[in-house]
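**Q** Chain by chain, the residues run as shown.
2 protein chains.
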Amino acid sequence: MSAETSYADWIAVDWGTSNLRAWAMSECGTVKDKLECDKGMSGLAQHEFEPTLIRVIEPWLGTAKTPIIACGMVGSRQGWAEAPYRSVPTTPLGDLSPVATTDARISMHILPGLKQTDSPNVMRGEETQIAGFLADNPDFDGVLCMPGTHTKWVHISAKEIVSFQTVMTGELFAILSKHSVLRHSAEAEGIDESAFIETVSATLSRPETLAAQLFQIRASHLLEGTENATSRAKLSGLLVGAELAAAKPYWLGQNIALVGHPRLNDLYAKALSAQGLDAAVHTGDDMTLKGLAAAYKELAP
Amino acid sequence: MSAETSYADWIAVDWGTSNLRAWAMSECGTVKDKLECDKGMSGLAQHEFEPTLIRVIEPWLGTAKTPIIACGMVGSRQGWAEAPYRSVPTTPLGDLSPVATTDARISMHILPGLKQTDSPNVMRGEETQIAGFLADNPDFDGVLCMPGTHTKWVHISAKEIVSFQTVMTGELFAILSKHSVLRHSAEAEGIDESAFIETVSATLSRPETLAAQLFQIRASHLLEGTENATSRAKLSGLLVGAELAAAKPYWLGQNIALVGHPRLNDLYAKALSAQGLDAAVHTGDDMTLKGLAAAYKELAP
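These protein sequence lines are chains R and G, in that order. Heads up: the first sequence at position 265 corresponds to 265 in the working numbering, and the numbers run straight through without jumps. Heads up: the second sequence at position 171 corresponds to 472 in the working numbering, and the numbers run straight through without jumps.
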C-alpha cells in the first residue's frame, strides 16, 4: 500500500451566516494556510454546502481522508445538516455530529450549538469560542462578554456554561445607523469616545429614558449641529448602556473577560471600565480556532 | 370684469416624507374632493415640488387665484421651501410662510414646524393636528399622545404647547420586523392582544430588561414554536412599554387624549388603559384637516 498524502492533517471551518472561513491545520495545531470567502450559510441551498466547501478546500486535500471540524450556522436547520442544540448547563463541546458526504476525501463534523430552556436562548458558534477560551483558561470562574451582532453574556463555572443571555446590540446599531432617520446623523468613520462613555453611564443609570433618547440624537443634530462622530457615539452609548442595564445580573461584582473583535473589545472594555470593571481581553477569531482544535483533539482516537 | 371661477375655494395639503394628500375645500370648510398619491417629499428635488402639485390639483383650479395651505415635511430644509421651526412654548399655528410660485393661479403657504431647545426636539405636521384638536377642544389642559412613526407626547396648557417628546416606536417596530433577525418570528397579519398588554406592563415595570428581551422573541420562536402573532405582539409590547417608561413624566396622573391612526389609537388606548388611564380618541387625519382649516381662517382677511 502506497503512502497516503495530504497537505492538511485536518481542516478547521467557521461557517457563519455571511462568511466561510477555513484553516489548513497540522496535527500539532499550527496553521499551514487559511482563506475566507463570502459563501455564508444564508446564500446557500442545502445541496450546495458540500460542493462549495470542496471547491474552497480542494488544494489542501490529498489521498488520505481529511477530517473537517466546522462550527457556526452551518449546523442550523437552514444549514448543511442540523446539529441539534445541547442544553445548558453543560461543557461547551459535546459529541460532534458526523455529516455524510458524497466526496470520500473528507470526513465532515459539525459542532452543535447550545440552548437554554428556562429563559429561552440559543447560541451557535460562540460555544466554540468558549471552548477555546477554556482551553487556555481551564480554571476560569466568572462571566464572558462576547460582543458582536448578537452579544452573548455567559456565566462559566467549573468548566461548564451555567447560563447565558443574548443582546442584539450590534444588529440594533447596524439597522438604526443604516435604515432609520438616525442615519442622517450617525454616518461617520470614528466615534467620540468621551460622548460614548458618558452616554453609556447615563443610560445605565436611567435605562427607562432610552426610547426618548434615540430621537434626541436626530433633534440635536438638526438644532445644534451636533457632529456626526458625536451622534454616532451617542447611539452606540445608548445601546451599550441599555445592554449593560439588561446584563447587570451577569457582570455586577463578577470576574469578567471579553471575547470578540478587537475593535468591539476595546469599546466594551472602556464601557465596563467606567463601571469599575477590568476585563481580560481575548480575540474572538483566536478563540474560534482554539475551540475547533480542542474539538479535533476530542475526535482523535 | 367677468366673474372668476374655481372649483375649490382653497386647497388643503398634507405633504409628508412618503405621501402627498390634498383636499379641495369650500369656504365653509366642507370637502368637495380629495386625493392621495405617493409623491412624497423624499422622492422630489426642490424644483419638482411646484409642477408635482400643479399636476395633481389642476382639475380643482379655475381663473381665480386659489390659496393653498400645506403642512408637513414639504416645509423642511429638504422640502419645497424651508418654513423655519417656531420655538415652544407657543400656540400651534404661527404666521404662514408664503412661498413664491411661477404658476399665477395659486398662492402657496407652508405651516412651520415646532422646535424645543432645552431638551432638543422637533415636529413637522403634528403642530397642525394639535391646532385641529384645539379647534375642537379649546379648553383642553393635559397631554396629547400622537402615535405614529415618531410618536409625539405633547403637554398642552392654556392653548399652548408647553413641551414635547418624541419616541421612534413606529420606526423601530418597522425596521426590527423587516430588517432584523426578528423578521423570521414577527411576520404576521394580526397580533395577540393579551400578549401585547402583558408585555407592555412587564416592560414598563422593568425597562432595564428591554435589550435582553428582544432576542428572547427569536429564541422562544426557535425553541418553543411561539406563534408569529404572539411574537409580533411581544415586539410591539416591548417597544410600546419602553415608550411608556420614557414618557411617564408626560402621562402619569394626566388628562390624556390620543391623536393618530385608528389602529394605533386602539393599541395605545389598550396599553394606557392597563395603566389605569382612559384616553379620549381622535383620528389624526381629521385633526390635520381641521388644523389646515384653522390656518386658512387665520390667513383670510
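Just so you know, these hints were derived from the structure itself, not from any lab. For glycine and all other residues, C-beta sits at the position ideal for the given N, C-alpha and C. Heads up, some of the hints might be wrong.
[Stated by the list, open to error] With a Cα cut of at most 30 Å, we get these calculated BS3-like pairs of lysine-lysine: (1) R:K297 with R:K159; (2) G:K416 with G:K549; (3) R:K248 with R:K34; (4) R:K32 with R:K270; (5) G:K333 with R:K39; (6) R:K178 with G:K333; (7) G:K460 with G:K598; (8) R:K297 with R:K32; (9) G:K549 with G:K479; (10) G:K416 with R:K178; (11) G:K340 with G:K460; (12) R:K115 with G:K340; (13) R:K178 with R:K65; (14) G:K333 with G:K598; (15) G:K598 with G:K549; (16) R:K178 with G:K479; (17) R:K248 with G:K549; (18) R:K270 with R:K248.
[Said to hold, decoys possible] Here are some chain G residues pointing at chain R (derived, C-beta under 10 Å): (19) V400; (20) Q417; (21) L483.
[Claimed, not checked] Chain G is nowhere near these chain R residues, computed Cβ spacing over 12 Å in every case: (22) D9; (23) L44; (24) H47; (25) P67; (26) S107; (27) K152; (28) A174; (29) L176; (30) K178; (31) N255.
**Q** Check each numbered hint from earlier against the structure, then list the numbers of those it violates in ascending order.
**A** As far as the earlier hints go, 3, 4, 5, 6, 11, 12, 13, 15, 19, 27, 28, 29 and 30 are violated by this structure, in ascending order.
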